[in-house]
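*Asks:* Using the sequences provided together with the hints, build the complete structure.
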Amino acid sequence: MDAIKPLVETAAVVADGSVPAHVAASLAVAYDRHASAVYGMALRSTRDPELAADVTQEAFLRLMVEVQHGRGPDNVGAWLYRASSNLIVSRARRAAVARRFAPRLLRRDTPDQPEDVALGNERQGHLEYALASLSVSDRIALLMAAQGATGAEIAAHLGRSHGATRTLLVRARRRLRDAMVEREARR
Amino acid sequence: MTNHAAFERLVATGLDFSLDTHDAADVEEHLATCSACRATAAGYQADAARLRAIAFVDPPDRVRAAVLGAAARPRPGGWTPLKLLLAAALLLAALAGTTVAVGTLLRLVAAPISPVQWSAVPSEDAFVQDNGTLRLERVAASGDRFVAIGSGSTGAQVVISGDGRAWDRAVDGGAFGSAIVFDVFGDGAGFTIVGSSSGRPTIWTSPDGSRWTATSLGESAGELRSVAAHGGLAVAVGSQSTGDSAGRADLAGAAWHATDGTWQLATVLGATAPGELTEVTWTGREFLAIDGSSVYGSTDGAVWRRVSTGLPGGATRLVADGGSILAAGLDGGSPAIWTSLDGVAWSAAHLPPGARGRVAAVASHSGSAVAVGSGPSGVAAWSSTDGSTWLSSGPIEDSDGGVMLDLAWSDNGVVAVGSVGPRAAVWSGQDTSP
Chain Y
1 MDAIKPLVET AAVVADGSVP AHVAASLAVA YDRHASAVYG MALRSTRDPE LAADVTQEAF
61 LRLMVEVQHG RGPDNVGAWL YRASSNLIVS RARRAAVARR FAPRLLRRDT PDQPEDVALG
121 NERQGHLEYA LASLSVSDRI ALLMAAQGAT GAEIAAHLGR SHGATRTLLV RARRRLRDAM
181 VEREARR
Chain H
1001 MTNHAAFERL VATGLDFSLD THDAADVEEH LATCSACRAT AAGYQADAAR LRAIAFVDPP
1061 DRVRAAVLGA AARPRPGGWT PLKLLLAAAL LLAALAGTTV AVGTLLRLVA APISPVQWSA
1121 VPSEDAFVQD NGTLRLERVA ASGDRFVAIG SGSTGAQVVI SGDGRAWDRA VDGGAFGSAI
1181 VFDVFGDGAG FTIVGSSSGR PTIWTSPDGS RWTATSLGES AGELRSVAAH GGLAVAVGSQ
1241 STGDSAGRAD LAGAAWHATD GTWQLATVLG ATAPGELTEV TWTGREFLAI DGSSVYGSTD
1301 GAVWRRVSTG LPGGATRLVA DGGSILAAGL DGGSPAIWTS LDGVAWSAAH LPPGARGRVA
1361 AVASHSGSAV AVGSGPSGVA AWSSTDGSTW LSSGPIEDSD GGVMLDLAWS DNGVVAVGSV
1421 GPRAAVWSGQ DTSP
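Chains as they are written, first to last, in our numbering: chain Y, 1 to 187; chain H, 1001 to 1434.
I should point out that these hints are in silico values taken from the structure, not numbers from a laboratory.
Ideal placement from N, C-alpha and C gives every residue a C-beta, glycine not left out.
Watch out, some of these pointers could steer you wrong.
To be clear about the criterion: a stretch of chain H counts as covered by chain Y if any three or more of its residues have a C-beta under 8 Å from a C-beta of chain Y, and this derived list gives those stretches [stated by the list, open to error]:
| no. | segment |
| --- | --- |
| 1 | 1012–1026 |
| 2 | 1040–1047 |
| 3 | 1057–1071 |
| 4 | 1303–1316 |
Beyond 10 Å from chain H on every Cβ pair, some chain Y residues (computed) [what the hints assert, rightly or not]:
| no. | residue |
| --- | --- |
| 5 | A52 |
| 6 | Q57 |
| 7 | R82 |
| 8 | A83 |
| 9 | S90 |
| 10 | V136 |
| 11 | A164 |
| 12 | E182 |
| 13 | R186 |
*Replies:* In structure tokens, the structure reads:
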């Protein structure tokens, strides 16, 4: 039920006012432009398709509320990065608690994503495992970089200094490399 | 003594930040002689490449439907707690997978004869932008040339083609810098692109699509969303700041007009703030523009008056060709097209029922109209002979998860542009109309 609740909460906010057509239209454009980046980051950071869908949905609904109140961000992509990474961190925490009470969800920890099967790439599976061994902020930083964000943009979105982000990214890349070497050695 | 750990750190740093020339030279020199560090560097690069390969994933279609469904104009009476509960219940049902095979039904009723058969153009270097996302959003033709424009994660992209299959970046692509581009228009005089540069409304013109000249329209904040021209009169619409603040809240719908290349601000009667005019077209009698809820008309481009509030919400494109005027977009998460004879009274056209997605663009050619957009599983196209009744053109190969955003006819044929995943995509159409 956890996946349903946020939508209802957000919809209730929307229900207080009308949604002008230009908001709906610009939301459609923003969705088409950024949804695969937001969902990709959420899916690869959480490894949970339901959680990722939930985060993506809520990030865009929050964007709609912002636009509706005349607070539409100048840089929609940057805003969505910030909103979705905050949601990922809070939801991942909540999901970790939920998992303690629902052991069957651990099944999701096996790399059975259809796109992995399609790729037929064993190392891709290794990468997902290795990524899962990193902290959430490490994962988000690496995925933002993979989606084309520059070091300076990642620093801005994470709210960290340039130097701190540089250290974070270098460490994250090294941890990922170490985990990959370890996994490949085990084969 | 060589510090391999320090070189490893520099290699990892170089993936996200530029190294200074001294460090870069040191790394290069060390890698030339140290096979262990070369292997480590290759590992870092392979990790980065694999991350890029999994970084973009299209969300399930139900997410799009939920987001755009919530954004659809509220029904009369608005949302009630009961309707909210109903929406939650419907979402639960969707999550449980109790959906019907709408796609199968649609294919069964697909048009027996479609005026255009689409096929994906093999991906080109011009369709990829620095490992980031790129989509081509608009395309226009002038003579035997196409110009397509797009937005990527690192800025605007302008690509040109003669035959619609081989594409190159515009020679003067640098003229766009970090600009945002929204529309491209082509006629006998060449091409015009509109958008914003440094937050100001900006127009770029080119005789051939290759070399571009930029013109900024004034000092106020704003952006241009659409451009059209007829008989030597060009009009552009968008938004302009009404106050001193740089926020979007004080942007109001605005229009500009030019007869000799000198652009002047027009008067738009009835435009509301915040708002923007998103689309403009020449109908054969006058220019019409929309702001999502109202339709504005002008014969001289200098004065615009509101002619209708009857266009349903969700209309994002406007086209006209002789007789009727067509508006396209989405209605409650489903693709929608509306028709009008005068821009005042609008009626909904008939599309195959039950589909999710949107109509992104419509064009008419040789007596039949073609629409493109997105459907439940990716790219979708429709066709019509009267503008009122539309049939699905059936599945398009290699286009799962993609979207077609615009189409244009040149002397050489028809192309559609859009994206599949993070990459820009182009489809070439074979005209099969008699």
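*Asks:* For every hint, state whether the structure bears it out.
*Replies:* Verification of the hints:
1. Residues of the segment 1012–1026 of chain H lying with their CB closer than 8 Å to a CB of chain Y number 5, which satisfies the three-residue condition for coverage.
2. With 5 residues having a beta carbon nearer than 8 Å to a beta carbon of chain Y, the segment 1040–1047 of chain H meets the requirement of three or more and the stated coverage holds.
3. Judged by the Cβ-Cβ criterion of 8 Å, the segment 1057–1071 of chain H is covered by chain Y as claimed, because 12 of its residues qualify and three suffice.
4. Judged by the Cβ-Cβ criterion of 8 Å, the segment 1303–1316 of chain H is covered by chain Y as claimed, because 5 of its residues qualify and three suffice.
5. In this structure A52 of chain Y is not separated from chain H by more than 10 Å, as the shortest Cβ-Cβ distance comes to only about 7 Å.
6. Non-interface call for Q57 of chain Y relative to chain H: violated, since the shortest CB-CB distance, roughly 5 Å, does not exceed 10 Å.
7. Against the 10 Å criterion, R82 of chain Y stays outside the reach of chain H, whose nearest CB is about 15 Å from its own CB.
8. Distance check for A83 of chain Y against chain H: the nearest CB is about 13 Å away, which clears 10 Å, and the non-interface claim stands.
9. Every Cβ of chain H is farther than 10 Å from the Cβ of S90 of chain Y; the closest lies at roughly 19 Å, confirming the non-interface assignment.
10. Residue-level check passed: V136 of chain Y sits 15 Å from the nearest beta carbon of chain H, beyond 10 Å.
11. No Cβ of chain H comes within 10 Å of the Cβ of A164 of chain Y; the nearest lies about 13 Å off, and the non-interface call holds.
12. No Cβ of chain H comes within 10 Å of the Cβ of E182 of chain Y; the nearest lies about 12 Å off, and the non-interface call holds.
13. Its beta-carbon lying about 16 Å from the closest one in chain H, R186 of chain Y satisfies the requirement of being farther than 10 Å from that chain.
Violated hints, in rising order: 5, 6; the structure is consistent with all others.
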